[in-house]
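2 protein chains.
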Amino acid sequence: MPVNLSTPVAAQLLPVAGVSLGTAEAGIKRADRKDLLVIKCDEGATVVGVFTTNRFCAAPVTVAKEHLAAGKGIRALVVNTGNANAGTGEQGMNAARTTCAELAKLLGCTPQQVLPYSTGVIMEPLPVDKIVAGLPQAIANLKADNWFDAAHAIMTTDIVAKAVTRQVQIGGKTVTVTGMSKGSGMIHPNMATMLGYIATDAAIAQPLLQQMVSEAANRSFNCISVDGDTSTNDAMMLIATGRSGATIDAANRAMMQAVVTEVATLLAQAIVRDGEGATKFITIRVESGKDEAECRKIGYAIAHSPLVKTAFFASDPNLGRILAAIGYAGIADLDVGKLKVYLDDVLVAEYGGRAASYQEEDGQRVMKQSDISIRVVLNRGAANATLWTCDFSYDYVKINASYRS
Amino acid sequence: MPVNLSTPVAAQLLPVAGVSLGTAEAGIKRADRKDLLVIKCDEGATVVGVFTTNRFCAAPVTVAKEHLAAGKGIRALVVNTGNANAGTGEQGMNAARTTCAELAKLLGCTPQQVLPYSTGVIMEPLPVDKIVAGLPQAIANLKADNWFDAAHAIMTTDIVAKAVTRQVQIGGKTVTVTGMSKGSGMIHPNMATMLGYIATDAAIAQPLLQQMVSEAANRSFNCISVDGDTSTNDAMMLIATGRSGATIDAANRAMMQAVVTEVATLLAQAIVRDGEGATKFITIRVESGKDEAECRKIGYAIAHSPLVKTAFFASDPNLGRILAAIGYAGIADLDVGKLKVYLDDVLVAEYGGRAASYQEEDGQRVMKQSDISIRVVLNRGAANATLWTCDFSYDYVKINASYRS
Numbered sequence: 001m002p003v004n005l006s007t008p009v010a011a012q013l014l015p016v017a018g019v020s021l022g023t024a025e026a027g028i029k030r031a032d033r034k035d036l037l038v039i040k041c042d043e044g045a046t047v048v049g050v051f052t053t054n055r056f057c058a059a060p061v062t063v064a065k066e067h068l069a070a071g072k073g074i075r076a077l078v079v080n081t082g083n084a085n086a087g088t089g090e091q092g093m094n095a096a097r098t099t100c101a102e103l104a105k106l107l108g109c110t111p112q113q114v115l116p117y118s119t120g121v122i123m124e125p126l127p128v129d130k131i132v133a134g135l136p137q138a139i140a141n142l143k144a145d146n147w148f149d150a151a152h153a154i155m156t157t158d159i160v161a162k163a164v165t166r167q168v169q170i171g172g173k174t175v176t177v178t179g180m181s182k183g184s185g186m187i188h189p190n191m192a193t194m195l196g197y198i199a200t201d202a203a204i205a206q207p208l209l210q211q212m213v214s215e216a217a218n219r220s221f222n223c224i225s226v227d228g229d230t231s232t233n234d235a236m237m238l239i240a241t242g243r244s245g246a247t248i249d250a251a252n253r254a255m256m257q258a259v260v261t262e263v264a265t266l267l268a269q270a271i272v273r274d275g276e277g278a279t280k281f282i283t284i285r286v287e288s289g290k291d292e293a294e295c296r297k298i299g300y301a302i303a304h305s306p307l308v309k310t311a312f313f314a315s316d317p318n319l320g321r322i323l324a325a326i327g328y329a330g331i332a333d334l335d336v337g338k339l340k341v342y343l344d345d346v347l348v349a350e351y352g353g354r355a356a357s358y359q360e361e362d363g364q365r366v367m368k369q370s371d372i373s374i375r376v377v378l379n380r381g382a383a384n385a386t387l388w389t390c391d392f393s394y395d396y397v398k399i400n401a402s403y404r405s
Numbered sequence: 001m002p003v004n005l006s007t008p009v010a011a012q013l014l015p016v017a018g019v020s021l022g023t024a025e026a027g028i029k030r031a032d033r034k035d036l037l038v039i040k041c042d043e044g045a046t047v048v049g050v051f052t053t054n055r056f057c058a059a060p061v062t063v064a065k066e067h068l069a070a071g072k073g074i075r076a077l078v079v080n081t082g083n084a085n086a087g088t089g090e091q092g093m094n095a096a097r098t099t100c101a102e103l104a105k106l107l108g109c110t111p112q113q114v115l116p117y118s119t120g121v122i123m124e125p126l127p128v129d130k131i132v133a134g135l136p137q138a139i140a141n142l143k144a145d146n147w148f149d150a151a152h153a154i155m156t157t158d159i160v161a162k163a164v165t166r167q168v169q170i171g172g173k174t175v176t177v178t179g180m181s182k183g184s185g186m187i188h189p190n191m192a193t194m195l196g197y198i199a200t201d202a203a204i205a206q207p208l209l210q211q212m213v214s215e216a217a218n219r220s221f222n223c224i225s226v227d228g229d230t231s232t233n234d235a236m237m238l239i240a241t242g243r244s245g246a247t248i249d250a251a252n253r254a255m256m257q258a259v260v261t262e263v264a265t266l267l268a269q270a271i272v273r274d275g276e277g278a279t280k281f282i283t284i285r286v287e288s289g290k291d292e293a294e295c296r297k298i299g300y301a302i303a304h305s306p307l308v309k310t311a312f313f314a315s316d317p318n319l320g321r322i323l324a325a326i327g328y329a330g331i332a333d334l335d336v337g338k339l340k341v342y343l344d345d346v347l348v349a350e351y352g353g354r355a356a357s358y359q360e361e362d363g364q365r366v367m368k369q370s371d372i373s374i375r376v377v378l379n380r381g382a383a384n385a386t387l388w389t390c391d392f393s394y395d396y397v398k399i400n401a402s403y404r405s
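Residue numbers (the numbering used here), protein chains in the order written: chain E, 1 to 405; chain L, 1 to 405.
Hints listed in this document are in silico derivations from the structure and should not be mistaken for laboratory results. Treat each hint with caution, since some may be false.
Unchecked claim - To spell it out: a stretch of chain E is covered by chain L in this simulated footprint if at least three of its residues, at any positions, have a beta carbon under 8 Å from a beta carbon of chain L; those stretches are:
hint, stretch
1, 83-91
2, 306-313
As the list claims (entries may be wrong) - Take a look, some chain E residues computed to stay more than 12 Å from chain L by CB distance:
hint, residue
3, Asn4
4, Lys29
5, Glu43
6, Phe148
7, Val168
8, Asp335
9, Val346
10, Arg354
11, Val377
12, Asp395
Each residue gets a CB set at the ideal place from its N, CA and C atoms; glycine is no exception.
The whole structure should be built from the sequences, with the hints applied where relevant.
Here you go:
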């Protein structure tokens, strides 16, 4: 069950003027479920994104990057679940291009103005005919007030849909930011098996918007880990329609960045809370390191350790496993005698061993919570990093041992 | 159950002249089990080792390195299970030193001539009194023909004991190499939660012996992975007594290295075969890379992927997960269109996707085996690397969620 996460309330997901969404049941992998989404942007919208760094990136990732680079103005995004169109070679590239071309025909734009996304099983041919056949249905129900349905249409092994809205006043105008995400396993830095779509009605020029999406991704989707695997298909997209009348510039940029990052963070955390088999949500904060890179390195060593993750599943304050992970993070000159480790507010380790004040029942109390924080204070500099991960349960194995069947 | 691995036959474990072994039931963590081992070396033996690179290395590792560096000639090694004496600060250092001092008294040597080893739960105080009280019992049953009992005394979560003997003719003399290891989880390159002790009756000078242990570790214990965690306590030791009359020099070094590496490899593979919850033994060979480092990087990306490991557990030829792991291994200029992937003899992927000749039933047949090989042919150089790992099952979670209790 997702950890302190429930289905969003449809009425709280506010439309973003200039963006409409339509879903369809295309029968890509299974019948009777929404598996196709079209996001239509009105003319003049600006669309940017960041993508997986996996060398085996999927065909739709390659095509989306090409189409963004062409700079013709994006008019639509199309997302299918049930098949990732990854590891599919030339045939996969053709399938992604066909999807764009067919949607462009229906919308009266060019194929280069369409971006494709796929998620699901890899190395199976994309049933492009089913997608093409489903497009008219998706277009027929395009509407602005459709984020709730859209968030459901992009789910794969997700248990709950993930979407959120935030508003901010900028220059006397109400700016809306609504976003949705999908993903529950294979989550890692660099945009792993997850899709995120965030739209705002602020007006933001392309170079600034690109900086904003990178900054937001770096503080959100690139700070989460479920199992350390990085997917072939991930993307986080940011759409700015300008319809609110508010224009973002150097003066108000920070306000806008804050709300975009907040939405992205909530969407990213939701992926961890819905992590495959997760029973605990764990915040790892590494403080006072020499630089952010070493803080992240230590944080990820903890986040990726199956031994740490199974100890959290067992609510076992097995602090030694956390110390061991810190020790093998690869920081050559780390003085383990100087660092402190906390579980929530409980000091558990200092001077290279268990804290003298530590009592097992205090550790036990924290470990039984569903939301837990680990704080590592390195005492060697001024840099920090915060990451989020989940525990590792029987159900993770169960889900991933049976995903294809 | 261990994968194609059974308890060694006691009669096939040959003594090494100049080395005797004695075990005791010291009651360190539980009563009625052997948990203490003394390995005594006759005067003149040469002892070398390689140790964990974890920055949180355990107290006994620090003390063992100090005593080796002192160069006084090692006369005994002492190993306890049930407690790792790691993350125990100054108190832990004192406990390791006391263990050495007490054993030295009993054997009539100096504390610096004794090397301590501990394995078990971390961050708990070592019950040094129990160890000291157990030493006379271990010394009382010291004998050369005791490798079978010794291999049992060093087990923790191991299901079967791990030990092997090989012999080789060098300069008309029969040289014996007998070794034992322990470990079943937290296994990773750089000597993770595992102990290995190999002895030979060849005469090998210290500098050459040190090269030999490094070379053997690099081809064996540093090529295995169970869960990617690196322990605080690991060590692989090599003892040369010279009692066979064969002396190793530049001319016959390769023969000796081959047999030491073979013994080390069998002991390391045994750890993977006995991996926590393992049901499959997987050999990963990465060929024709630019250098060995990139071959290892790709091999470990595959070996550490929980998604790949759960697919093996499910006997599911989910090739996409292997390709995804290759893709995120961090080789920036990797051309995925040029590489080929095989499951045993079955070509499964080429040209960036599934091989045209691939049939699901061929992949399925291989995946059902208990010993499986993955071969990745990069087609970009002349370097190779071979690694060994196991799958990831429900039982891994079960074992590690309950290890302390």
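Quick rundown of the hints versus the structure:
1. With 7 residues carrying a beta carbon less than 8 Å from a beta carbon of chain L, the stretch 83-91 of chain E meets the three-residue requirement, and the given coverage holds.
2. Taking a C-beta to C-beta cut-off of 8 Å, the stretch 306-313 of chain E contributes 5 residues in contact with chain L, enough for the three needed, and the coverage statement holds.
3. Every C-beta of chain L lies more than 12 Å from that of asparagine 4 (chain E), the closest at about 21 Å, which supports listing it as non-interface.
4. Interface exclusion of lysine 29 (chain E) from chain L stands, the closest Cβ pair being 14 Å apart, more than 12 Å.
5. Distance check on glutamate 43 (chain E): its Cβ is at least 36 Å (rounded) from any Cβ of chain L, clearing the 12 Å threshold; non-interface status holds.
6. Taking the minimum C-beta to C-beta distance to chain L, about 30 Å, the non-interface status of phenylalanine 148 (chain E) holds against the 12 Å cut.
7. Distance to chain L confirms valine 168 (chain E) as a non-interface residue, since its nearest Cβ pair spans about 35 Å, more than 12 Å.
8. With a least CB separation of 8 Å from chain L, aspartate 335 (chain E) falls inside the 12 Å interface cut-off, contrary to its annotation.
9. Against the 12 Å criterion, valine 346 (chain E) stays outside the reach of chain L, whose nearest CB is about 14 Å from its own CB.
10. Distance check on arginine 354 (chain E): its Cβ comes as close as 5 Å (rounded) to a Cβ of chain L, failing to clear the 12 Å threshold; non-interface status is violated.
11. The claim that valine 377 (chain E) is not at the interface with chain L holds, since no C-beta of that chain comes within 12 Å of its own (minimum 15 Å).
12. Chain L draws aspartate 395 (chain E) into its interface by the beta-carbon criterion, the shortest separation being 9 Å against a cut-off of 12 Å.
In the structure shown, a violation is registered for the earlier hints numbered 8, 10 and 12, in ascending order.
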